[in-house]
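Chain G is fixed; fit chains V, H and P onto it per the hints.
Chains as they are written, first to last, in my numbering: chain G, 1 to 499; chain V, 500 to 1182; chain H, 1183 to 1401; chain P, 1402 to 1717.
Worth flagging that the hints you see were computed from the coordinates, not collected in a lab.
Certain hints may be false.
Said to hold, decoys possible - Below, a list of computed lysine to any residue pairs in the SDA-like style, where the Cα atoms sit at most 20 Å apart:
| hint | chain 1 | residue 1 | chain 2 | residue 2 |
| --- | --- | --- | --- | --- |
| 1 | P | Lys-1458 | V | Leu-1061 |
| 2 | P | Lys-1454 | V | Val-1054 |
| 3 | P | Lys-1454 | V | Arg-1084 |
| 4 | P | Lys-1458 | V | Val-1054 |
| 5 | P | Lys-1458 | V | Trp-1059 |
| 6 | P | Lys-1454 | V | Arg-656 |
| 7 | P | Lys-1454 | V | Arg-1068 |
| 8 | P | Lys-1458 | V | Pro-1106 |
| 9 | H | Lys-1385 | G | Asp-161 |
| 10 | P | Lys-1458 | V | Arg-656 |
| 11 | P | Lys-1454 | V | Trp-1059 |
| 12 | G | Lys-447 | V | Arg-1063 |
| 13 | G | Lys-447 | V | Ala-1062 |
| 14 | P | Lys-1458 | V | Arg-657 |
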Amino acid sequence: MAAVIWLALGLPTLLATASMLSRRRRWTRYAAIIASVVALVSGIALVVLTRSTRAVTSTAAVTTTAMTTAGGILRADSLSAYMLAVVGLVALTATWAGLPSKDIGDSSDSVDPGEGTYSALLCLFLGAMTLARLADNLGVMWVAIEATTITTAFLVGQHGDRRALEAAWKYVVLGSVGVSIAFLGIVLIYAATTAGGAPTLSWVLLAHPAQPLDPDLIRVGAALAVLGFATKAGLAPMHSWLPDAHSQAPAAVSALMSGVLLSVAFYAILRIRTISDALLGPTPMRGMLLTGGLLSLLVAAALILTQPDYKRMLAYSSIEHMGLLALGAAIGGPLAIGAVLLHILGHGLAKPSIFVVAGRILTAEGTSRIDGVHGLLARQPRLAVPFLTAMAALLGFPPSVLFFTEVAIVVAGFQQGLGWAMAVALTLLLVIFAGLARHTVNMTLGKADSTGSALPSVRPSGAMIPLGLALALVAVIGFLAGPLRDVIALAVATLGGTS
Amino acid sequence: MSLLEVGLVAQLALALLAVTAAVAAPTPLRPLLAGGATLLMGLSGVATGALALGGRTGIVSAPLTVGLGLDARMTLAPDRLGGLFMLLAGAVGAVAALYSVGYARGPAGSRTGCAAFAVFLLGLQLVPASGDVVAFLLTWELMAIGSTILVLAEHGRRDQVRSAGLWYAAMTHLSFLFLLAGFAVLTVAGHSSSFAALAAGRISGDQAGLAFVLLTIGFATKAGLVPVHVWLPRAHPEAPSHVSAVMSAAMVKMGVYGVVLTVTRLLPGGPRWWGLVVLALALPSALYGILQASVTSDLKRLLAYSTTENVGLILSAVAISMLAASSGDSAVAGVAMVAALMLTVSHAAFKTVLFLGAGALLHATAERDLDRLGGLVRSMPRTAVAFGVACLGAAALPVTSGFAAEWVLMQARIHGDSRDQLTSALLPAAIAVVALTAGLALLTFVKAFGIAFMARPRSPGATTAHEVNRPMTAAVLIGAAAVLALGLAPGLTATAAATALRSAGVVGAVGAATTTSAAAAVGTGAGWGVALPGIGAHLDPLALTLLALAVTLPVVLVTWLLARRHPRRDVDLVWGGGGVRTSPRMPYTATSFAEPLVRVFDDALQPTRDLRVTHAQESRYLVQEVSFHQHLDDRVEKSLYRPAIAMLDRAGDLARLMQNGSMHRYLGFSFVALLVVLVAVAW
Amino acid sequence: MTDAGFTQVLGSCAGVLILTAVLQLWRRSLSGSVTLLALQGAALSALIGTIGVAAADPELIGVAVLVLAIKAVAIPIVLGRTAAATGARREDAPRINPTAALLLSAVLTTVAYLASRPILGAAPDAAQRAVPVGIAVVLIGFLLLLTRRQAISQLIGFVVLDNGIAMIALLTAGGVPLVVELGVSLDVLLVVLILRVLTGRLKHVFGATDLDDLTELHD
Amino acid sequence: MSATVTTMLLVAVQCGLLLALAPVRVGLMRQVRARLEGRAGAGVLQPWRDLAKLARKEPLRAPGVRFGGALPVLLMGASLLLVALLPLLQTATLVAVPDDLFVVVSVLLLGTVAIALLGLDSGTAFGGMGASRHMTVAALVEPTILVAVYALSIPVGTSNLSAIVSARLDHPATVVAPVSLLALVALFIVVIAETGRLPVDNPSTHLELTMIHEAMILESSGRDLGWVEYASWLRLGALLALVANLAAPWGVVQHLHVLAVLIAMVALVLKVAVLGAAIASGEVFLAKLRLFRVPELLAGSFVLAFLAVTASYLTV
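So here's chain G without its partners, still in its complex pose (with noise of 0.2 Å):
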């Protein structure tokens, strides 16, 4: 299993050295797509070793320079390794899709993968997603997550243009600021097991109930921390950089960012509400993941309303959907936290394909403005159909498994005692529903003949497989009973929710 863990961060690593210093850019085109391979391939070993084992507390893999006193710094359980392969699924997705065909020349959103140093960032981007999700150490967590704002920044601000600079500086500086609020507070969780005699960052062991914490250290270091992944989760108040990198990164960086970066940082969040929980009962956290949620489901409402450009619709959308995470991580409960950890994979092949098309709505229409797109439906088929079904699919329309996800967040939610917080989501909901519809058909219905683009036609290009497996697996993976549900019941027992 040492090997997996080992092979699945190793491999990225080397994958970008190569890439960086190669000078055959036929063969860097594809080493990101070979990265989440890597990623998804090992996630899936380490999914079937964590199950075959049984085992909550898998063997670590121990660097060379730990100092760490108990357990490792590396470790693979049912969760981490769920969330692994979902990265590894995710990525596969953007990357795939995200693939130019070479026929395509430069064009606004569009690039060139050749260049070493794009492949290079996506591959330590990838790995660094996989460290935050394979480490157990607090600490190592965080340097991995502050990791991707490294990696991603330069992706973020690929275009250079001005747009592009401004949203790569805010999303570095907002990114950083939070993050380090969060390591605030993961110092003062440290401090909190000084007390015992035996510090540690290790998350194994600070959710261990026998582990002795000064609880007040914990409720601060606690909060703060989830303050600050929360930013990079992109949970209101905290949300200001996310449609502004979004929007400006190239199509399959906003994918990648948006499908796997924000659940990275979720899962942070969901493990740190594990050790308040396991100390602190349910209610420190429930009050700041509520809060969380709605706010953000407000900002979604309330901006996706008469947003102007689809772009930064989608990344409103996603601010919707992690605030819906919030809302089931403040529910708590194995319903709510299986429904989480299903929607985290379920938005996460939706989101991405939905990116990438409208990347290619981009460059076919050369405007990101939804009253610049009329008629997509009738005069580019290729491009509004997988956006369309995509939608529908993030909308909760069945098959998708966001309908049953939300279907169970509510219910758990009335289940716990929550229904006003229902209410108030369900509200929220409608209205994001209304303005998300409303775009959706203006872009895409409608006359053929009515177009206002100056622009010639674009016939759009670039790989429809990927769209179309990520779809189909958003549409069956709700029925998927078996090895799935398996897997999510695991994972939702190492989060402590077994109860």
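Structure of chains V, H and P alone, referenced to chain G:
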């Protein structure tokens, strides 16, 4: 695997086949293949529904990744009540599918259109089969997405389609969210998501009340009750006609099914205010719906509003039943519920024909504005006959299904309990409302038929109209035959309704007693009629028809004798009203037909009128041209929804100002959040 | 080192840290700010060193050297060069004038004391008593980020914030594990480098490094 | 002779009686009016002579008119059915076809629809105008009818007209109860409106802008017109007889006997004649209401009916 389970699986398989055919078949064959498969699916729904209605049981379940129960499954397990509605949905779907074979050209016959139609019907047929919350919501949403796609199908032709689709999508989602919340409350209160367990759980108290209100609003939205009806007059006209037929005749009924399911099975024996809530929704809907229908001139919009009216009537019957049950009058409760189901079936029958007929008119003339139709009885005799029969049904005239159903409803009302003060105050008002509704319905459908099919063509399209192709005429004629058959033999429907209620445990105070009373309250009288021994009334339309024939026969004979001696003479002009008879501008239009009514209900309808007078250039005292426009908006939409939407949009614009791009402001958000957390935690 | 002496040194280091932070709010010259930042880094390093010596912990002393190298030397040099490269000399018009900012820092310090109540616990030792100062430094760093218009100033604010966090880490838990510390330091350095590169590009594209220009992306 | 056959025979007698007397009743009313207005009048049999004349004439058909021949027959059939259903001579009704209130109203409305369609079928502006007004009045009348008879049916507990009449015979006091009076007045107004008498419609005018009934039948001629007129007279006769029977139920056969039937026939003729004469003399003093004030009249009658219902709750 029981026969019923086979039926359920067969529907799924046929739906899959239909979707495959829709996607894979070559364009010329697509309507035939996809429509054929959909037709079969509808028929399998009819068969399965009949089995369930007959009392067969069966469960089909599918595992889920995340489910509500411990075992995370969704189940299909129709009971008798569900069986009736599945039968209904299947029958309507089958007729519409037959029609679509001939009708579905263009957008409605595209790959997406055909596939969405199959999905729509599948959802529709499986909603009443659902055995738990997840299955219900899932099939409900399948229905929603399928129909939304279909409403939007003709988006490339008219611009209104988009706004209609949006209204529809938003209102449908509203309905879904209310249902979700309602079922969540129910699931929590009953500790189970399975309908059987919930029914056995006997939930009561505040939670039951909350669940009831949430579910009722959700279902009312789907059923198109005022004030959540706004999608109906927009979506129905813009959808392809066979889709509007299914939407109006069957999908809207799922709202009715939901209410009946809630009050008879999930939350039986609710307090009296529940009945009042339903009544308060139902009566205004009936009146408002028919009033709007009577003054509109868009044929499909008229039919849509008429749906609101009919659902209002149906639910008023449900409300009477609930009120009667809560005051312990089980006979009336049973009869009223039977009346509700009979009205449902009857409305399904005639509304299918009306929408399909409207589609045929649209197909033949490219017009759906009554003001531009006319004289079609000559060019489209078969459609005219079917449409006429359906109009009789809609106006509840003998001897159609609508008549029998309204008769049962009226009987329930007449015998409604007057023991308590509130009911006795409400019942006469209810009767008056229903009577006015019936009167206006009469006017509306005289207008619809008379203006569309009689007099002279008022537009080029109407002049050159031709009878539509065979599958379409076959579909409308089958529907019309059903309207007549159910009218002549209402005993069939009544028995089916009573049977359906047997499993539901009927409204009422205590399950078993009322169960038998519903069965006892309704029976087939002599022949095929319907008898209500519980309240001592019976009706035999067949005998009535015979009597009518008996008294008309001498008249016909005399006419025949006279005609032999003095044959009819064709002349160009009889009296002619001044000799301008031949002008298509002369016959009364739908707008002018409704004008007296608009004047009577001026305050309620508040039409916007615009009178423009163009003066002659030479003198201001000479008028060159006068133009008069009158426009009737949906008042509920205008005064309730539009301000709300405008307010939301303003709020959205304000929110966008907040996100103004300033780095410092964004940091400020984070900073404030940090301070708040720090202070809150220290507290 | 005596206990009293330890407390004395600890106190003065903490004092320098907060003082440099507050002075940052007051100073307008960018080069002055950079110097203050270097001083603050040195104070932080001294603080770590003091505690390391007191606890006889070689690891901490190593960390102190690392911090000295990065925060007192490397980062100020990088910043100084950036400032020179972009040609920005003064923070002319901060969003809040210095007087208000100074008063605000007093409020923030109060908040810091308020907020550190649960952290201090019942019987705080000498090191822990300085925690509020750390929180105050964090908050003041944030205030710098919030009020400064120059890109470099924001960078400085970020580093001040980070110094505050490092100080809290040291005071509450005696520092974080070395592997984490290494990662964190590397990250901070990289963030500063990236921001430096971005500042350069800002200068190149916008012709200035005034953050008020960055308002093109909005709803 | 079994009860059913007897009942059927009586129904046939009832139909025959009204068929024979309806034109006479019209003649009588016209005669009364004429005399009151100081004219000689055409005699009570003039309507019969008119019918005979119309039967001999050939009907004309304009292009586009499709149902000019069928609708009058339908109208006539509906009117006859109405007559057959009402408890005019006897309170025993056909077992298979009870004289249920709703059935009666539906049959009445069937006739209304037939004549409105006739107006629309003609394709002229007047036909449509008449149909429109006719249907508007019908729509507004319906609530009053139902509520009024509902008020009458509450004490009896059934909506069967024969049961209501029978109950009034058994308890004559109920006839003068406030419920009954209010309901009867309401019903009377409704009958006036539905059958197109003054002040709702003027049956003897051809002034285009005010007419309702005449506008619809302008295009009919020959036997078609004959049927339409005959049917209208029949309807008015039947409804007047119904009102008369509700107001003064005496004479209606409860226990079958040949003499009783004869008495019932005489009583019916008398009641209708008196009522008709009363209406006719009343009409002399009335002017036609403006069309758009008709709803006020109908609303008034509705309120009366509604009060009747409320009163019925008070007395029960």
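field: Given hint V/Ala-1062 paired with G/Lys-447 - CA-CA distance at most 20 Å
entry: Answer violated: G/Lys-447 to V/Ala-1062 is near 58 Å, above 20 Å.
- prompt: Between P/Lys-1454 and V/Arg-1068, is the straight-line Cα distance small enough, at 20 Å or below?
  reply: Satisfied, since the Cα-Cα distance of roughly 17 Å is no more than 20 Å.
task: Would you mind confirming whether the straight-line C-alpha gap from P/Lys-1454 to V/Trp-1059 stays at or under 20 Å?
output: Holds, because 17 Å separates the two Cα atoms, which is no more than 20 Å.
- prompt: Hey, P/Lys-1454 versus V/Arg-656, does the alpha-carbon distance stay inside 20 Å?
  reply: violated (58 Å)
- prompt: Is it true that the CA of P/Lys-1454 sits at most 20 Å from the CA of V/Arg-1084?
  reply: violated (35 Å)
- prompt: Is the straight-line distance between the alpha-carbon of H/Lys-1385 and that of G/Asp-161 20 Å or less?
  reply: Holds. H/Lys-1385 to G/Asp-161 sits at ~12 Å (cutoff 20 Å).
message: Would the hint linking P/Lys-1458 and V/Arg-657 be met if the CA-CA limit is 20 Å?
response: violated (53 Å)
- prompt: Is the straight-line distance between the alpha-carbon of P/Lys-1458 and that of V/Leu-1061 20 Å or less?
  reply: holds (9 Å)
task: Decide if the proposed pair is consistent with the structure: P/Lys-1458 and V/Pro-1106, CA atoms, cutoff 20 Å inclusive.
output: Since the Cα atoms of P/Lys-1458 and V/Pro-1106 sit roughly 47 Å apart, the hinted pair is violated (cutoff 20 Å).
query: Is P/Lys-1458 within 20 Å of V/Val-1054, Cα to Cα?
result: Cα-Cα ~17 Å, so holds.
field: Given hint V/Arg-1063 paired with G/Lys-447 - CA-CA distance at most 20 Å
entry: Roughly 60 Å between the alpha carbons, so the hint for G/Lys-447 and V/Arg-1063 is violated.
- request: Take the C-alpha atoms of P/Lys-1454 and V/Val-1054, compute the straight-line distance between them, and say whether it is at most 20 Å.
  value: holds (17 Å)
In terms of the numbered hints stated before, the structure departs from hints 3, 6, 8, 10, 12, 13, 14, listed from lowest to highest.
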